[in-house]
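Now for the letters of each chain:
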Amino acid sequence: MGDPWLGAPAVLAGGPSQLLPAREQMAFTLGFHIILVPFGVAFTFLMLLANYRGLRRGDADCLLLARRWSHVSAVLFAVGAVSGTVLSFELGLLWPGLMGRYGAAYGIPFAVEGLFFFLEAIFAAIYIYGWDRLPPWAHFWTGVPVVLSGIGGTLSVVAANAWMNRPGGITLRGGQVVAVRPLEVFFTGAFWYEALHMLLAAYIVAGFGVAGVYAAGQLRGRRDRYHRLGLAISFSVAAVASPAQILVGDVAAREVFRHEPVKFAAIEALTRTGTQVPERLGGVLVDGQLRYSLDVPSGASLLAGYRPSTRIRGLADFPADARPADHLVTVVHLAFDLMVGIGFALLALSAWFAWSWWRGRRIPEGRWLLRATAVSGALAVVALEAGWVVTEVGRQPWTVVGLLRTSDAVATSGNLWLFFAATLAIYAAVGAGTVLVLRLLSHRWRSRQVAAPGGAAGPGGPAGLGGAAGRGGPAGLGGTEPADSEVPYGPPADPGAAGGRA
Amino acid sequence: MSTFAAVVLFAGVVAYAVLGGADYGAGFWDLTAGGAGRGARPRHLIDQTLAPVWEANHVWLIFCLVTLWTAFPAAFAAITTTLYLPLGLAVLGIVLRGTGFAFRKVVVRTEQQRVAGAAFAAASVITPLFLGAVAGALASGRVPAAGYGDPLHSWLTATSALGAVLAVLTCAFLAAVFLVAEARRRGEGELEAWFRRRARVVAAVTGAAALAGIAILRADAPRLFHQLLGPGLPLVLVSAGCGLAALLLPAAPPRLLQLLAVLAVAAVVLGWGVAQYPYLLGTHLPIGAAAAPGATLWALAVVASAAALLVLPAFALLFSLQQRGRLP
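Quick note, the sequences are listed as chains A and B, same order.
Going by this note's numbering, the first residue of the first sequence is number 1, and it counts up by one from there.
Going by this note's numbering, the first residue of the second sequence is number 503, and it counts up by one from there.
In short, the hints are calculated from the structure, not lab data.
These figures come from a predicted structure and were not determined experimentally.
We treat Cβ as the ideally placed atom computed from N, Cα and C, and that holds for glycine.
Just to be clear, a hint being listed does not mean it is correct.
What the hints assert, rightly or not - Simulated DEER-style distance windows between Cβ atoms:
#1 Q176/A x H728/B: 31 to 41 Å
#2 A810/B x W355/A: 50 to 60 Å
#3 F28/A x F506/B: 33 to 43 Å
#4 A428/A x P724/B: 14 to 24 Å
#5 T534/B x V178/A: 33 to 43 Å
#6 T785/B x G288/A: 51 to 61 Å
#7 F506/B x G175/A: 19 to 29 Å
#8 L438/A x A808/B: 29 to 39 Å
#9 E692/B x R57/A: 43 to 53 Å
#10 T171/A x A810/B: 42 to 52 Å
#11 G341/A x T505/B: 27 to 37 Å
Unchecked claim - Selected chain A positions facing chain B (in silico; Cβ < 10 Å):
#12 E120
#13 G174
#14 V177
#15 I246
#16 L247
#17 S413
#18 L436
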């Protein structure tokens, strides 16, 4: 299998031929991984909220939610950990020009992230496998470092991305990094708004994503307290984050206007510099003209500088080899509109939810509200992906703005198409497996809820299989039964399960 | 300062070799445990033992990567542009190993478990195989300082083959010994004996491979050979002594066995590090010349100190909870 991959290096060498597969692969694997990030970062916070409420009020439903969410996060955390590892390898395998030249600076935020990743992995394991075995409050506290290190890890990785957008903290001599100022590398001008924007996005995606699951369940008739609580806890977090996100996004856009003028021009799909620039929604850039857009007069100027006379630089102001190509400009422009559009839709949904809660004095259950909530999670993911498209595609042709072109960062050896194909195949299997496994968990819990509430080893059916684990059948691989038990913090459901046949 | 960064990097390599290695080795025993009926009990033990720790152990690999690319960026690029085949295959193996394991814990139908389990177990063997080949290529100085070395001949060598075989064997050895201790803790005498037998067999095979390795290194990697018998000799002897002791003490308490196994593997990996010193790549890239500017190394030192203060106690907590049966 090595040979075809290798191809004929003489023919395949030379940057441009590798640029496309490298970018496709990076986009695909990052796009895959980023969906899992909110569940590592923010879903654990929802889990702790439910856990806290459950302990504080002796609420069994809340504890059950927390315990089941910890199971889901165990699966997603594993997928997130390995897909994140792929990204680490790819930094070297796809972008050796970036790492070789700027690793001394760009690597620092990742080193910090490694620290948080350690703590997250360790305490997530203790939390997930500590149900029933640790004192309830001690167990709760083992979850806190998971949430904190999730935040720290996000800030670190985004710091690295912010550095690519607004590099600083280095001294170059003859193209070599000869001095590094680590704090300046980490806290670039782009750090705070980018990091906060991503952190809030993580809470929004996790919140609406989980709320969507319980809204769909309620639409199918499962309107018990358990489902209503699952929806209320997750939705509340997302609803608090949504308005904050609009504000942070607004600040971020203005910062991009001031410090990343090319990206801003791409976002607005603005070709000619001018004042009283309209905010143009939608449209396609054809021959340097944006067509089919909906224009708000002076909108862009007002948003960027609060007055119509604000001058915004157009793409034509920049050399063609220092700005994204026209088709990429369209992508950036539409991705931005999509992200902002979804952001406002989710804000409206949050307001609707808050209003009907206030009106009805109980967790809202209106059919249309539930329908909207059911799709909100998917929309939030789309907005997250669109946001990353804006910042990554909008930075092209640069990997590090002004310092390193993507075509100079890319690997020139091997045949990256074959690596990409292998990655696609494996990720397809992993993606399908993740969906299958999550559905399986949901079905198992549902049948248990119906068959035997409160019983760990349900009477036969899929639920019963879990209980068979300790008896050494093939199902013995499951090993999930103690933590799967329906009685949170009770004695281990089946002592034989852990001790085997001793 | 650059030497300190290299020491930190190598500490990460040793930790990953021992802790990550034991996890991969568990996959080796999972693969060879037999059919669904016969292999159920060892697989169950492997599953229970691995579940709470493998992700934390896996982070040592990330630690090595970030330390390498931050402290020695040019060396990192040289390695990835030369050894992209084994590295690419290893990382795909890492994906299959982790997800296969996580999925198998959830699915209950035998055929689904078989698919997920096969992915986990096969990838657990393939991944250390390729990582061992990478280690062999590095140790025998096959990576040029400017990178873009021969994509095949750099790692399809006798030393890389030795590295690959030793990696798989030491992983299996570590795992068998760890699982002996775990079976003892759970009072599963039969399983303890099952893993004890395997630990002895694999210890013997590893010893034989190491002996053959002497001849291989002499022919294929003379500098490594001389350095291992020079400054690295004490570590090589410690490793051999511990391995031999583990082999010759069939009834040793599991804890002692574990200590011997860890020492044997850590010593041989450290021996590689000592043999390599003061070079990062072959004899063409000294550690000092490859290092990032001083401030970066200081930043890394701060992060490493924070890791020592925060991460090591956290690991101690995780392992002690596991040992006391507080994590299933």
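When the structure is checked against the list of hints, which entries are broken? Sort them ascending. Going through the list in order, the structure violates hints 4, 5, 10, 11, 13, 15, 16 and respects the others.
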